[in-house]
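*Asks:* Sequence:
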Amino acid sequence: MNVFIIGIGLIGGSFARDIKKVLPNSRIFGIDANPNHLEEALSLSIIDEKADYSQLSQADLVIVSIPVDVMARELPLILDAVHDEAIVMDAGSTKSLICKTLENHDKRRNFLACHPIAGTEFSGPSAAIEGLYKGKTNIICEIEKTAFKLQERALDLFQQLGMRIRYMNPEAHDKHIAYVSHLSHISSFMLGKTVIDKERNERDIFDMAGSGFESTVRLAKSSPAMWTPIFKQNKENVIETLSEYIGNLETFKQMLEKDNYEGIYDEMNNTNKIKGILNGIPLNK
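In the working numbering, the protein residues as written are 50 to 334.
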């Protein structure tokens, strides 16, 4: 099988590593706007050879893992280039615009809208991890618009990679992911900003930072080039989640100002149930 990975970073590179393992006879082609990424991916044996769009007619499977604003522009061109039995899937963190863009494409049946809920704060080919997707959830949107035999091929691959599957419409996906992913990234970036601004005057603040701070701001190391388009595409949902989050912060501040420590205890105690909700979700090291 000829597998084309467009965007050889953490997500695309990890798919390449895992596909090589479960489908050892496959050949992995890499396409990336950054020539250094292609050279690095070759040197790390993530891909077998460099490629470009002119070779997409050879593809049996195309995985597109590029920033979502670029993806909305490039996916129609990618679908134009593949043969009728090829399957093209994306890994974008927003789904509504992508699905809307492709709804009337002649090869919509060849496209599978996906969002693997996996990753780390690192980027580039060297960030690729073998086994990244094992036990992780892959959200699939509008599966009924993908040709059935192509669905089967994709689902078989996901099973071999050890992924769990959830089906969701694009609007529900974007609303829910704003809470559980997009908001956490904004929180991490803004906490990091708050501390950096303070550190300008208090140089020893980072000497006092412990593992709690490190884990909370871990996501602030994520790529702004990837996340800014995500916030743009999911603007309305992100604003809604931010408003609720800011409201909760303001309530906590007011309780502290009024010495309402019983209320603070109750807020934290009620929130402790999140331990049960998150139980079993592995953290990437």
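Wrong hints could be hidden among the right ones.
Said to hold, decoys possible - Using 27 Å as the maximum straight-line C-alpha spacing, the simulated DSS-like pairs for lysine-lysine come out as follows:
{"hint": "1", "residue 1": "99", "residue 2": "69"}
{"hint": "2", "residue 1": "284", "residue 2": "183"}
{"hint": "3", "residue 1": "224", "residue 2": "149"}
{"hint": "4", "residue 1": "302", "residue 2": "185"}
{"hint": "5", "residue 1": "69", "residue 2": "247"}
{"hint": "6", "residue 1": "307", "residue 2": "270"}
{"hint": "7", "residue 1": "281", "residue 2": "270"}
{"hint": "8", "residue 1": "281", "residue 2": "194"}
{"hint": "9", "residue 1": "302", "residue 2": "322"}
{"hint": "10", "residue 1": "149", "residue 2": "302"}
{"hint": "11", "residue 1": "307", "residue 2": "185"}
{"hint": "12", "residue 1": "307", "residue 2": "284"}
{"hint": "13", "residue 1": "183", "residue 2": "307"}
{"hint": "14", "residue 1": "69", "residue 2": "224"}
{"hint": "15", "residue 1": "270", "residue 2": "185"}
{"hint": "16", "residue 1": "324", "residue 2": "194"}
{"hint": "17", "residue 1": "185", "residue 2": "242"}
{"hint": "18", "residue 1": "198", "residue 2": "185"}
{"hint": "19", "residue 1": "183", "residue 2": "302"}
{"hint": "20", "residue 1": "242", "residue 2": "284"}
{"hint": "21", "residue 1": "183", "residue 2": "70"}
{"hint": "22", "residue 1": "224", "residue 2": "183"}
{"hint": "23", "residue 1": "281", "residue 2": "307"}
{"hint": "24", "residue 1": "281", "residue 2": "242"}
{"hint": "25", "residue 1": "198", "residue 2": "247"}
{"hint": "26", "residue 1": "322", "residue 2": "247"}
{"hint": "27", "residue 1": "99", "residue 2": "149"}
{"hint": "28", "residue 1": "270", "residue 2": "284"}
{"hint": "29", "residue 1": "185", "residue 2": "322"}
{"hint": "30", "residue 1": "224", "residue 2": "242"}
{"hint": "31", "residue 1": "270", "residue 2": "242"}
{"hint": "32", "residue 1": "324", "residue 2": "302"}
{"hint": "33", "residue 1": "149", "residue 2": "69"}
As the list claims (entries may be wrong) - Simulated restraints, written as ranges between beta carbons of each label pair:
{"hint": "34", "residue 1": "310", "residue 2": "209", "range": "20 to 30 Å"}
{"hint": "35", "residue 1": "107", "residue 2": "70", "range": "14 to 24 Å"}
{"hint": "36", "residue 1": "240", "residue 2": "74", "range": "20 to 30 Å"}
{"hint": "37", "residue 1": "209", "residue 2": "107", "range": "44 to 54 Å"}
{"hint": "38", "residue 1": "50", "residue 2": "316", "range": "14 to 24 Å"}
{"hint": "39", "residue 1": "85", "residue 2": "213", "range": "29 to 39 Å"}
{"hint": "40", "residue 1": "243", "residue 2": "85", "range": "16 to 26 Å"}
For the record, the hints were derived by calculation from the structure and aren't laboratory data.
The beta carbon of each residue, even a glycine, is placed where N, CA and C say it ideally should be.
*Asks:* Quickly compare the C-alpha distance for residue 185 and residue 242 to 27 Å and report which way the hint goes.
*Replies:* violated, 30 Å
*Asks:* Decide if the proposed pair is consistent with the structure: residue 307 and residue 284, CA atoms, cutoff 27 Å inclusive.
*Replies:* Judged against 27 Å, a Cα distance of about 34 Å means the pair is violated.
*Asks:* For the pair supplied as a hint, residue 281 and residue 270, confirm whether the alpha-carbon distance does not exceed 27 Å.
*Replies:* Holds, because 19 Å separates the two Cα atoms, which is no more than 27 Å.
*Asks:* Taking 27 Å as the top limit, are the C-alpha atoms of residue 99 and residue 149 close enough?
*Replies:* violated, 31 Å
*Asks:* For a C-alpha distance cap of 27 Å, please report whether residue 281 and residue 194 respect it.
*Replies:* With Cα atoms ~26 Å apart, residue 281 and residue 194 stay inside 27 Å; holds.
*Asks:* Taking only the CA atoms, is the gap from residue 185 to residue 322 under or equal to 27 Å?
*Replies:* Cα-Cα ~22 Å, so holds.
*Asks:* Could you tell me whether the CB distance from residue 209 to residue 107 stays inside 44 to 54 Å?
*Replies:* violated, 22 Å
*Asks:* Quickly compare the C-alpha distance for residue 242 and residue 284 to 27 Å and report which way the hint goes.
*Replies:* holds, 21 Å
*Asks:* Tell me if the straight-line CA distance from residue 281 to residue 307 falls inside 27 Å.
*Replies:* violated, 38 Å
*Asks:* Given the hinted pair residue 183 and residue 307, is their alpha-carbon gap at most 27 Å?
*Replies:* This hinted pair is violated, its Cα atoms lying about 47 Å apart.
*Asks:* So if I understand the rule, the pair passes when the alpha-carbon distance is 27 Å or less; does residue 198 with residue 185 pass?
*Replies:* Distance of about 24 Å is within 27 Å: holds.
*Asks:* Would you mind confirming whether the straight-line C-alpha gap from residue 149 to residue 69 stays at or under 27 Å?
*Replies:* Given pair residue 149, residue 69 is violated - Cα atoms ~32 Å apart, limit 27 Å.
Violated hints for the displayed structure, listed by number in ascending order: 2, 4, 5, 6, 10, 11, 12, 13, 14, 16, 17, 19, 23, 25, 26, 27, 33, 34, 36, 37, 38, 40.
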